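Participant: Now for the letters of each chain:
There are 2 protein chains.
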Amino acid sequence: MIPHVSARPLDIDTFVSLCKRRGFMFQSSEIYGGLSGVWDFGPLGAEMKRNYKDAWWRAVIQERDDMVGLDSAILMHPRVWEASGHVENFTDPLVDCLKCRQRFRADQLEDRICPQPPCPNQFTEARNFNLMFETTIGPVQESGNKVYLRPETAQGIFVNFEHVRSSMRRKLPFGIGQCGKSFRNEITIGKSFFRVREFEQMEVEYFVKPGTDEEWHRRWIEDRLAWYRSIGIRSENLRVRAHEADELSHYSKGTSDIEYRFPDGWFTKVWGEIEGIANRTDYDLRRHSEYSGKSLTYFDEETNEHYFPYVIEPSAGVDRGVLVALIDAYDEEPDKDGVRVVLRLHPVLAPIKVAVLPLSKKEPLTDIARGIRRDLSRHWMVQYDDTQAIGRRYRRQDEIGTPFCVTVDFETVNDHAVTVRDRDTMEQIRVPIADLVPAIEQLLAEKAAACAG
Amino acid sequence: MIPHVSARPLDIDTFVSLCKRRGFMFQSSEIYGGLSGVWDFGPLGAEMKRNYKDAWWRAVIQERDDMVGLDSAILMHPRVWEASGHVENFTDPLVDCLKCRQRFRADQLEDRICPQPPCPNQFTEARNFNLMFETTIGPVQESGNKVYLRPETAQGIFVNFEHVRSSMRRKLPFGIGQCGKSFRNEITIGKSFFRVREFEQMEVEYFVKPGTDEEWHRRWIEDRLAWYRSIGIRSENLRVRAHEADELSHYSKGTSDIEYRFPDGWFTKVWGEIEGIANRTDYDLRRHSEYSGKSLTYFDEETNEHYFPYVIEPSAGVDRGVLVALIDAYDEEPDKDGVRVVLRLHPVLAPIKVAVLPLSKKEPLTDIARGIRRDLSRHWMVQYDDTQAIGRRYRRQDEIGTPFCVTVDFETVNDHAVTVRDRDTMEQIRVPIADLVPAIEQLLAEKAAACAG
Chain A
4 MIPHVSARPL DIDTFVSLCK RRGFMFQSSE IYGGLSGVWD FGPLGAEMKR
54 NYKDAWWRAV IQERDDMVGL DSAILMHPRV WEASGHVENF TDPLVDCLKC
104 RQRFRADQLE DRICPQPPCP NQFTEARNFN LMFETTIGPV QESGNKVYLR
154 PETAQGIFVN FEHVRSSMRR KLPFGIGQCG KSFRNEITIG KSFFRVREFE
204 QMEVEYFVKP GTDEEWHRRW IEDRLAWYRS IGIRSENLRV RAHEADELSH
254 YSKGTSDIEY RFPDGWFTKV WGEIEGIANR TDYDLRRHSE YSGKSLTYFD
304 EETNEHYFPY VIEPSAGVDR GVLVALIDAY DEEPDKDGVR VVLRLHPVLA
354 PIKVAVLPLS KKEPLTDIAR GIRRDLSRHW MVQYDDTQAI GRRYRRQDEI
404 GTPFCVTVDF ETVNDHAVTV RDRDTMEQIR VPIADLVPAI EQLLAEKAAA
454 CAG
Chain B
4 MIPHVSARPL DIDTFVSLCK RRGFMFQSSE IYGGLSGVWD FGPLGAEMKR
54 NYKDAWWRAV IQERDDMVGL DSAILMHPRV WEASGHVENF TDPLVDCLKC
104 RQRFRADQLE DRICPQPPCP NQFTEARNFN LMFETTIGPV QESGNKVYLR
154 PETAQGIFVN FEHVRSSMRR KLPFGIGQCG KSFRNEITIG KSFFRVREFE
204 QMEVEYFVKP GTDEEWHRRW IEDRLAWYRS IGIRSENLRV RAHEADELSH
254 YSKGTSDIEY RFPDGWFTKV WGEIEGIANR TDYDLRRHSE YSGKSLTYFD
304 EETNEHYFPY VIEPSAGVDR GVLVALIDAY DEEPDKDGVR VVLRLHPVLA
354 PIKVAVLPLS KKEPLTDIAR GIRRDLSRHW MVQYDDTQAI GRRYRRQDEI
404 GTPFCVTVDF ETVNDHAVTV RDRDTMEQIR VPIADLVPAI EQLLAEKAAA
454 CAG
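Heads up: the sequence lines are chains A and B, in that order.
Using the numbering used here, the first residue of the first sequence is number 4, and each one after it goes up by one.
Using the numbering used here, the first residue of the second sequence is number 4, and each one after it goes up by one.
Calculated directly from the structure, the hints in this document are not laboratory data.
Only true hints are included.
Below, in silico cross-link-like pairs of lysine-lysine (PhoX-like), each with a Cα-Cα straight-line distance of 25 Å or less:
(1) Lys184(A) x Lys23(B)
(2) Lys149(B) x Lys149(A)
(3) Lys184(A) x Lys56(B)
(4) Lys212(A) x Lys297(A)
(5) Lys365(B) x Lys212(A)
(6) Lys23(B) x Lys56(B)
(7) Lys174(B) x Lys364(A)
(8) Lys212(B) x Lys365(A)
(9) Lys212(B) x Lys364(A)
(10) Lys184(A) x Lys184(B)
If you anchor each label on the Cβ, the simulated ranges turn out as follows:
(11) Arg232(A) x Lys339(B): 50 to 60 Å
(12) Lys339(B) x Asp438(A): 43 to 53 Å
(13) Glu91(A) x Ser233(B): 50 to 60 Å
(14) Pro213(A) x Ala392(B): 27 to 37 Å
(15) Lys149(B) x Arg198(A): 20 to 30 Å
(16) Arg222(B) x Glu293(A): 56 to 66 Å
(17) Asn148(B) x Gln445(A): 53 to 63 Å
(18) Gly37(B) x Gln391(A): 55 to 65 Å
(19) Met429(A) x Ala245(B): 50 to 60 Å
(20) Ser20(A) x Arg198(B): 40 to 50 Å
(21) Glu225(A) x Gly37(B): 31 to 41 Å
(22) His419(B) x Asp438(A): 24 to 34 Å
(23) Arg222(B) x Gln391(A): 25 to 35 Å
Bear in mind that the values here come from a model prediction, so they are computed numbers and not experimental data.
Every residue, glycine too, gets a C-beta built ideally from N, C-alpha and C.
Please build the complete structure, drawing on both the sequences and the hints.
Facilitator: See the structure below:
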């Protein structure tokens, strides 16, 4: 891990301002006043989200021989959500204030923010409100055509279990993973990045023989914790917390959360969930068998038995993970100009891997610099920047976490070499242009090793 | 291009069967009877779709210095769709049959399939039906909270135009691209892969100075056509067709489609759209300025003018593109066992790059083969297959388009080398295990060059 030097905790306003100013995140439809609980990823956020999902896919699908991927749709048959228990159980208790007519979560009344002047505490009785978004499919608006926006990607895996198993000729244990959008019509939103209505998930359903489920649950918790360290999240900010019995979802035999320690002052609770790893037992496959009438049991050739596999589910939020990676990478270093802001991102996550900075806006430097940009961009995401003083350009790249800057200077014309500057040490080395691609490849690999925990 | 040898056109049933049997596509929620117009990508389809989108991102965002990416949300403020013209114009005319009560598109009555026995042709007058899916956001179900599932990703780019331009310090011409889900509540669906209600788009909005728009339109048409060739779609199956005046959308000054020639017998029209490249003029930025009250003009430092940029929009469908790549790659080769089915996919698109096939299921071959799989999977998507005769395993890999198979045989124990078999030529070469990664890297590069048009 690369040591951080910041003396003060990152505050929310500084972070939100950086996200917007540098193109990581914007509020959805902001020119129309925004849509509460929905965020857009700007150019740098979009790159970082791609990198984050790719790192997951690589570790969880590509490099494992017991996993395959899937990409199931957001819209599903409405019976799916009856079978899964979401129509019945995926609800929050709501009350209305009798005076101001505003609606609140009954279990969060102490957190409510009433309009001014504050209302007296007179509420209706609580009634359950389902958090699934509904829409109507087909040209007839009848009840039979009601469908939901999925509140989790998991069910798309369960209903395809038998298709995937047979087309991929799989035996237990094996898993199916996917990334995709999910939607939850949360009541209380505010301006937070962290409670959102539209979000992306990375979910694994890992199918095992009953009786081996607790061992696999333990292994997945370890694997996933190691993954967060491998992408540079600092170990001291990560922990595992097992759910209490009264926290468990209706399908869960046991759940452990991987939690992140947010900077002081962000939330009332310091530790927040970034991934939940649940033992869903055979609940989902059994229910879908009952509701669909199609057998979703597994035939075990060794024991000659048919049974429902148990399922271990590591379920992570993409948006929250990207934010945590940004927060964890943020550092402020005192320097002669005051403070240098630097995102010490793992190079796998960094939205831009290399910046190309010509010292002048004129020929022949720009011509050389553009050629370098073109060559490097076949390998990596590159940014070309020729505006303002070189010091400011370095600072700009530090602030977005670019691991290396390539500076084309007046000497380049003679020695056909450039300066490569390191984001963290600020050390500069001279590299011949002809060797630049392998040199940066090497530097990125070293930086990755230095960033991993 | 790698020549095809098939004597007969690919028929739909053969294709759909292959897609399902080999895990490319499944109907959504099939165990519940399916959801019309919605499809899931199976493990191989998911990999191929990832590859297809990555190839686009690389060519259109990463390698260009005039483009940046974005990832805007599906849910947007409802005013967006008033400004864009979708609330008013994104409709189909519908009629009801007075006898059977079924609903049809008035402009497609000749294509209708009535229940048995057929009804007489007595219909209600046509009324407009909006194709956007609606849902309700927040806990109160009032009209003010109605939002839509976006029918195109484009508007997410337009409303963020100024945020992106300023955070990325861009000057004209420059473009913003993104991939993401869109939804259209199509009336007539049937069982087709090709008319769907949930789909993914890859869209670019390219902002230019008015007056240069026709030149940029021409350039983008050329670039996009070249891209389809570069990923191996055969040139003779591609063409560009300019829209007639009466086909143009409400925002378009001119649109050209890139079309693909489908095999005989698939559709009544042989050529089908895979990408539309429209000149949207300044319609969208101008309307969003009017509706939001926020200025979305551009200040041109050279001419000291404020104006609305014109927009060129290359808009491609991901799902359809993946299907076209599969169809185009399909080939049947006569051989001694009857016919060899082979997908001659460009290696960039192939879901599996290398298969590892041990000739026996026992030590020491499996141990060596597993080690090879582990090493190769750090670089590529690999499949390990140890079941059935080696000939059948080769055929299985041919049928899913795997460019190379690595066979671990009994000689491997002595010579520490393996056989690498080429999907298209079926030639085999012997490669030392120690050289396998660079050898396959080289072979994949040569195959890519052979597949590109």
